[in-house]
Amino acid sequence: MLRPWQNDCIETAVKKFASGRKHFLTQATPGAGKTLMAATLAKRLFESNSIDIVVCFSPSKEISDSIKDSFSSVLACEFDGKIGSVGCSITYQSMRFLPPTFWSTLAKHRVFCVFDEIHHCGGDNQENSNSWGQSLLTEVQAAAKYTLALTGTPWRSNLTPVTLASYTDPEGQIVCDYQYSLAQAVQDKVCRKPKIVLVDCHHSVVSSSETRDSYRTMSELIEKGKVSYSLIIQNDDALAHILSQAVSRLQKIRRANKNAGGLIVASSVEHAKYIDKILRKDFNQSTSIVTYREQNAQDLINQFRKSNTEWIVSVGMVSEGTDIPRLQVCCHLSNVKTELYFRQILGRILRTTTCANQEAWFYTFAEPNLNQFAEEIESDIPETCMYIKVKQDLSDYNDVLTNEVNAPFTSPDIRPPSKQKLLWESNQSEFSALSLITNDSTEVTLNHFKQRVIEAFRYA
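Numbering (numbering that gives the first Met the number 0), first residue to last: 0 to 459.
Keep in mind that the hints were calculated from the coordinates and are not lab data.
Relax, there's no trap hidden among the hints.
Each computed DSS-like pair below joins lysine-lysine, with the alpha-carbon atoms no more than 30 Å apart:
#	residue 1	residue 2
1	Lys272	Lys225
2	Lys42	Lys81
3	Lys449	Lys223
4	Lys194	Lys223
I would like the entire structure built from these sequences, with the hints used as guidance.
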């Protein structure tokens with residue numbers, strides 16, 4: 000049975016297609032059921048004899064396989080691209096390797112193309128498009144009778160246009176044909192109300208032989224004291240502290256939901272392995288680790304999805320589109336600090352289940368950007384991502400999510416770890432102290448360790 004928003008979106012799309020327009024962009028919050036809506040829309044178009052074939056594109060093999068299963072179930076037929084099937088599901092990466100005959104064959108039929116997480120495809124012309132966007136602008140638009148673009152975050156980290164999207168002129172604000180916000184999803188009990196925990200300090204001191212400066216927050220320490228954020232997320236005791244909070248929360252949730260799970264998003268493979276070791280040895284937690292280096296990464300994700308394992312530690316694998324409903328606690332410990340990535344990770348713990356406890360807890364450090372993202376979480380499209388850059392140096396057209404996989408520790412605002420040494424001295428009280436000694440004998444101490452909880456949609 001479809002949810003009200005899914006029925007409404009399908010009717011809106013059918014009407015637009017019937018009016019002679021071929022593109023439809025849906026923005027719906029992560030976990031709302033975009034894939035089921037898309038499959039049901041395809042079924043409607045088949046039933047009205049409007050299309051012959053469906054081709055779905057998505058950013059990963061795991062998502063592609065999930066789409067294939069959903070469409071096969073809804074359409075009650077094979078969806079593997081072989082003889083007798085009515086379509087196929089492939090990744091954006093594979094578009095570059097499709098032979099010209101693939102597109103020429105599609106052009107002979109009435110094709111319905113579905114693009115999941117369309118924000119991965121950037122650019123509205125050949126000059127500013129990434130490789131995936133170029134394929135959509137050339138081959139796909141020529142072959143498709145109708146296109147459906149899906150996204151939970153309809154913007155790109157570099158603010159270049161999302162391919163196939165429409166924008167207001169001259170402001171450059173994205174125009175969605177249908178929107179289903181997180182606020183609506185929470186009110187409809189489709190998504191959980193997220194609680195975002197920002198780990199911070201009340202008082203910190205940076206001292207040397209000549210100066211002594213005080214800071215009231217971690218944000219001030221990072222921005223004014225020039226302390227590297229990468230050191231905080233890699234420090235032994237800092238990790239132990241934030242992980243202890245997350246482990247304690249998951250244990251409380253598991254009293255009601257025995258198979259509830261948690262997600263840790265790490266900065267590198269080495270970082271993930273170290274966090275995995277802390278969880279197992281220091282907190283006696285069961286874990287699964289999955290990174291882009293594993294050949295069987297998708298199998299590991301599927302095993303975790305069906306298991307009772309407490310934690311999955313990931314690098315570049317469990318973000319957008321990965322459906323693991325039992326996840327209810329998450330730690331964002333990545334160097335990637337963009338609003339897009341922040342929301343995609345948060346989306347992994349928002350999908351509701353039939354279990355009694357429907358809490359969703361998101362833990363991270365109170366870094367300046369992350370503070371802002373947390374405060375804007377009730378805005379469906381935050382102000383900072385509302386408008387595209389109309390003119391921009393082509394050298395800026397980099398995909399931050401791709402960089403996370405290829406160079407997990409690469410970030411323009413991060414100092415090399417060798418320049419600083421971080422020491423976190425814990426005491427028996429509810430507070431902790433953080434000490435950092437740099438090569439020029441500068442010491443940084445954070446006192447009165449605390450946390451701030453942002454509870455979104457309290458009155459929904």
